[in-house]
Amino acid sequence: MFKIAVASGKGGTGKTFVATNIFYTLQQQNQRVMLADCDAEAPNAVAFFDAKLIGTSEVTQQVPVINTDACTFCGRCREYCNYNAIFILPPMRIINVIEDMCHGCGACSVACREGAISEKPVTMGKVDVYSLNGATSLIEARMNIGVMSPVSIIKAAIRKVDHQSDVVILDAPPGTSCPFIQTVSASDYVILVTEPTPFGLSDLKQSVETLKIIKKPFGVIINRAGSGNKDVQDYLWKEKIPLLIEIPFKKEIAVLYSTGKIVAETDLFFAEQLSQVIKNILSNHGNSHNQR
Amino acid sequence: METAIISGKGGTGKSSISAAFATLSDNVVLADCDVDAANLYLLFDPSREEEEVYIAGHKAVIDYARCTSCGLCIDYCRFDAISFQNDKVIISQISCDGCFLCSRICPEKAIKMVSNDKSRMYSGSFRNGKMVYGRLAPGEENSGKLVNMVRAKAKKISATTGIGQIILDGPPGIGCPVISTITGADKVFIVTEPTISGLSDMQRAVEIVLKFSLEPRVIINKHDLNSSMTERIMGWCDLNGIEVAGLLPFDPKMVESMVHGKSITEFDPENKISRELRKIWNNNLK
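Chain order of the listed sequences is G and Y. At position 253 of the first sequence (counting the first as 1) the number is 253 in my numbering, and the numbers step up by one without a gap. Heads up, my numbering is the position in the second sequence plus 292, with the first residue counted as 1.
So that you can see chain G by itself, here it is in the shape it has in the complex (with noise of 0.2 angstroms):
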């Protein structure tokens, strides 16, 4: 099994568009590929798909419940707990659990000497598996509306990822935060989608520094090529990033895509074109560290 991670810092380049037609091309040519999009807050791309709901599974969090019979008011929860999650006025016997803060890490249940802490599992998300012609092939995250982080449900989502895949294409969350880097660390080889604009340019530096810390091989493919200026193309020279492929700007792709449709279906040129990108990429980091 080899993972590729279809990542962005900047947000709308064409990530989703990207993992998709991938998807779409390999599974066209009968490889046993997954598709898991692991944009928890915006997930989109079972949409493209005409894919069969086989399966939901619910990601829970524990958060503390304080029998307040039981609590003395000593307030080393409140001390433990490093998300500021506890509200406690010990003179007037108030004791409340701020749920949205809690981060679920059990740190308050240690404190606890009196046995008042118990816990209870909240909804953070969903986790739903699908099945297209027949395989199950798509995973997609999904964040409950309210929640402040996708982490959790974005890990769950990797966990379902399929051993017996070749390939599993997995969609990542914009910018080079915490959820970005839940994605891309679970990846073998990141593909950075990024547009010829300067802000494109500018996130597509603070992902490149990212990887680099993270030691991830990557490449670059430039979306929407011939609008805006050359300064990507420069940069990628200048830093010896590989440029994978350059998917020119086109009305007819954005009126196809916006419609939810596959272009890779009806433009054979751009499949054959993402196909020998996958199969350079496989041919190239293939072999060493995908024995997972």
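These aren't lab readings, by the way, just hints derived from the structure by calculation. Heads up, some of the hints might be wrong.
[Unchecked claim] Quick list of in silico lysine to any residue cross-link-like pairs, SDA-like style, CA-CA up to 20 angstroms:
#1 G/250 with Y/544
#2 G/160 with G/202
#3 G/261 with G/130
#4 Y/410 with G/202
[Claimed, not checked] Which chain G residues stay away from chain Y? Per the calculated CB distances, all over 12 angstroms, these:
#5 163
#6 246
#7 265
Here the structure is a predicted model, which means the values were calculated and not measured. We treat Cβ as the ideally placed atom computed from N, Cα and C, and that holds for glycine.
We have chain G already, so just place chain Y on it with the hints.
Below, chain Y alone, put in the same frame as chain G:
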């Protein structure tokens, strides 16, 4: 008055629209709350008058001179961040949540908590007022606390300079940093585009804004790329009592203005997009 611009989906044109709003009023405080991918400084080249360190949580680090490899910390860690690798206890910096629990329970006091102090907040002046922006260091938790710090600074600047208009360019998504951007704001715009993803992400953004008892107003960018999808979005907004503030046509001038380091309203004031944005902004000020 604080006006927040958010989107759900990334890349819908949030920052370009924020930039236009920031150059339509005479004098504004512009706060870039997309601390994970701050971009407005590229257009406005603000001076750096102040710099503040932001502590983005902590990471656990093992002192191997003290560690006896008892493995107790592994049992307590709920983030699967600690494991044995060749009989050595290893903490994954990627998975560590910084909860301090391992450092508290270690019988040998072999775990130290180190603060993540690489993130920064900057403030200064730009050609149309004052600007505040955060820069989250790669891989750090985007908890919204840095957003709160950016907003607090923007409010302070507004109070001391007497500049009343604060514009908040928000992050994508619907998580904590977005919640931090909209809580207590006076006006919220949601920017979307006429695509399947644009519609579904906008619906999630609307839900989060309503949850905080605010009235979102929707701007549909590049509306003419798919007019039937635009109608679907407008229909959904109508059905749910959400105001559509305006429609912006697709025009390569939007990207061109960015390449020239200008907002669309500065670069091409008579462009259709500029005229529509002026209308939306003037309505917003009422």
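Here is how each hint holds up against the structure:
{"no.": "1", "hint": "G/250 with Y/544", "verdict": "holds (12 angstroms)"}
{"no.": "2", "hint": "G/160 with G/202", "verdict": "violated (34 angstroms)"}
{"no.": "3", "hint": "G/261 with G/130", "verdict": "holds (18 angstroms)"}
{"no.": "4", "hint": "Y/410 with G/202", "verdict": "holds (18 angstroms)"}
{"no.": "5", "hint": "163", "verdict": "holds (18 angstroms)"}
{"no.": "6", "hint": "246", "verdict": "holds (16 angstroms)"}
{"no.": "7", "hint": "265", "verdict": "holds (15 angstroms)"}
The structure is inconsistent with hint 2 alone, although it conforms to all the rest.
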